[in-house]
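Required output: the full structure, derived from the provided sequences and hints.
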Amino acid sequence: MRIACPHCGPRGLEEFAYHGDATVRRPADGGAAPTKEWTDYVYFRDNANGPHQELWYHSAGCHAWLVVTRNLATHEILQVKSARDAA
Amino acid sequence: MKYSALTVLKQALTGHKGWQPAWRDATPAPNYDVVIIGGGGHGLATAYYLAKNHNVGRIAVVEKGWLGNGNIGRNTTIVRSNYLLPGNLPFYELSMKLWEGLEQDINYNAMVSQRGVFNIFHSDVQRDAYARRGNAMRLHGVDSELLDLPTLKRKIPYLDYENARFPIQGALLQKRGGTVRHDAVAWGYARAASRLGVDIIQNCEVTGIRQENGKAIGIETTRGYIGTKKLGLAVAGASSLVAAMAGLRLPIESHVLQAFVTEGLKPLIDNVITFGAGHFYISQSDKGGLVFGGDLDGYNSYAARGNLPTIEDVCEGGMALMPMIGRTRLLRHWGGIMDMTMDGSPIIDKTPVENLYLNAGWCYGGFKATPASGYCFAHLLARDEPHDVAAAYRLDRFAEGKLIDEKGVGAQPNLH
Chain A
1 MRIACPHCGP RGLEEFAYHG DATVRRPADG GAAPTKEWTD YVYFRDNANG
51 PHQELWYHSA GCHAWLVVTR NLATHEILQV KSARDAA
Chain B
88 MKYSALTVLK QALTGHKGWQ PAWRDATPAP NYDVVIIGGG GHGLATAYYL
138 AKNHNVGRIA VVEKGWLGNG NIGRNTTIVR SNYLLPGNLP FYELSMKLWE
188 GLEQDINYNA MVSQRGVFNI FHSDVQRDAY ARRGNAMRLH GVDSELLDLP
238 TLKRKIPYLD YENARFPIQG ALLQKRGGTV RHDAVAWGYA RAASRLGVDI
288 IQNCEVTGIR QENGKAIGIE TTRGYIGTKK LGLAVAGASS LVAAMAGLRL
338 PIESHVLQAF VTEGLKPLID NVITFGAGHF YISQSDKGGL VFGGDLDGYN
388 SYAARGNLPT IEDVCEGGMA LMPMIGRTRL LRHWGGIMDM TMDGSPIIDK
438 TPVENLYLNA GWCYGGFKAT PASGYCFAHL LARDEPHDVA AAYRLDRFAE
488 GKLIDEKGVG AQPNLH
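Chains A and B, in that order, give the protein sequences.
So the first sequence is numbered by the numbering used here: it starts at 1 and just counts up by one.
So the second sequence is numbered by the numbering used here: it starts at 88 and just counts up by one.
Derived by calculation from the structure, the hints in this document are not laboratory data.
Incorrect hints may appear among the rest.
As the list claims (entries may be wrong) - Covered stretches of chain A (in silico footprint by chain B; criterion: 3 or more residues with CB under 8 Å from a CB of chain B, positions within the stretch not fixed):
(1) 7-19
(2) 49-58
Stated by the list, open to error - Heads up, simulated DSSO-like pairs for lysine-lysine below, C-alpha to C-alpha not over 27 Å straight-line:
(3) Lys494/B - Lys36/A
(4) Lys353/B - Lys374/B
(5) Lys374/B - Lys36/A
Unchecked claim - Some chain A residues judged to face chain B by a derived CB distance under 7 Å, without partners named:
(6) Met1
(7) Ala4
(8) Thr35
(9) Tyr43
(10) Phe44
(11) Arg45
(12) Thr69
(13) Leu72
(14) His75
Each residue gets a CB set at the ideal place from its N, CA and C atoms; glycine is no exception.
Written out as structure tokens, the structure is:
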């Protein structure tokens, strides 16, 4: 698997660290009380097959956070964006 | 047909013409009392213990491919019960006890080999942690021995004891741990269940779960609708996908774990050894191949294959522990899809959908758990209450904060 970093070009997987689903959002409240939203955010996952938007950190490269769309059934990388642009 | 030395002799004298298929390849009936989705180790074990221990009527196991094509045939065949936490230890010890009596129970040679599991430690801190684990095991009646360096050197002379970076200080040994021929577990449970009247339906993919008033009443499959009073999911690797058919969202991510086997060698490693300074575990199969594995690849995946950086990492772990394997060649490697839960422990529980029961989230540890998982899931399906040793594996433990975080590093799907 190679990820085309928008800053550095295509680089091997070993340069990147994975951070999971890029579509989940932290609940707006501070989390003082345990709520279903917090439980869902921390523990529960859609975990569907097919295209998956996920965060990767170019830790051994330019240190950019990327939003990568990758097909979980084939590992094919469909799109790479800077997380700043994707947000 | 019961297997015995006498049967083998009789068949030998008659040209081996009388052997019969090990299980009936059933066609689906319109209705069952219990349907289990997933013809892997856990599903088949569940069906067997349901039929053997509980009077629940007609039982079917529905499998989308063929028996043993999933994780039951994609693991490193290690069995052990060297756990630490009270929620885990009695469960895995029940599993170990069931392994010990399995072959007689199901009348099938699963090549259960209690060759001993050595967890190597490399620092004072790790020695303390392993001593604590060993003591917890003994308090629960599980065998464990803390080996000092001279004893370990005598038992396993070929480790790299001169390694400056990862000095070996000793090992925690569970003598009763070992390996089991994984395919034979699936085949043996299938045969034993089939002999007790369980319908094993292969090449039958579930495409939907039919509900009525919040109750599961049956499944849509590629071979038609099958009605059932109770429905059990035992589809680790695809749990989220099948549970989504019933509208459920699980605390699970699917990750790929790779395993490896080398070319066949003369007998060399006569036990199971794990590296404590990295993640590497190894044993030798009866055919002579070294079977080993390491970490997850570390990203979500449903593709049953991994990538090269992890292969390199695993092999580096092996080289740091036993450099003698450096010149053996890899014969093959493969990947399995793991249900990684957020605390590293499994789920055996009812679900919010009535009559729908869940057996999922086995992380790395599914194979060794096969007998107890089936035993406890059958108990839950038949009696609607959890078996004592599996009572902690609740689906609501994440909301309740009652995590069983054996590794103690919080909510992330990289645990086992």
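Consistency of the hints with the structure:
1. 7-19: It holds: at least three residues are needed, and the stretch 7-19 of chain A offers 4 whose Cβ sits within less than 8 Å of chain B.
2. 49-58: The restraint on the stretch 49-58 of chain A holds, since 3 of its residues have a Cβ under 8 Å from chain B and three suffice.
3. Lys494/B - Lys36/A: Given pair Lys494/B, Lys36/A holds - Cα atoms ~25 Å apart, limit 27 Å.
4. Lys353/B - Lys374/B: holds, 9 Å
5. Lys374/B - Lys36/A: This hinted pair is violated, its Cα atoms lying about 51 Å apart.
6. Met1: holds, 5 Å
7. Ala4: violated, 16 Å
8. Thr35: violated, 10 Å
9. Tyr43: Holds: closest Cβ of chain B sits about 4 Å from Tyr43/A, inside 7 Å.
10. Phe44: holds, 5 Å
11. Arg45: Result: holds, 5 Å to nearest chain B Cβ.
12. Thr69: Violated, because the Cβ-Cβ distance from Thr69/A to chain B comes to roughly 12 Å (cut-off 7 Å).
13. Leu72: holds, 5 Å
14. His75: Interface hint status for His75/A: holds (5 Å vs cutoff 7 Å).
In summary, the structure is inconsistent with hints 5, 7, 8, 12 from the numbered list given earlier, while agreeing with the others.
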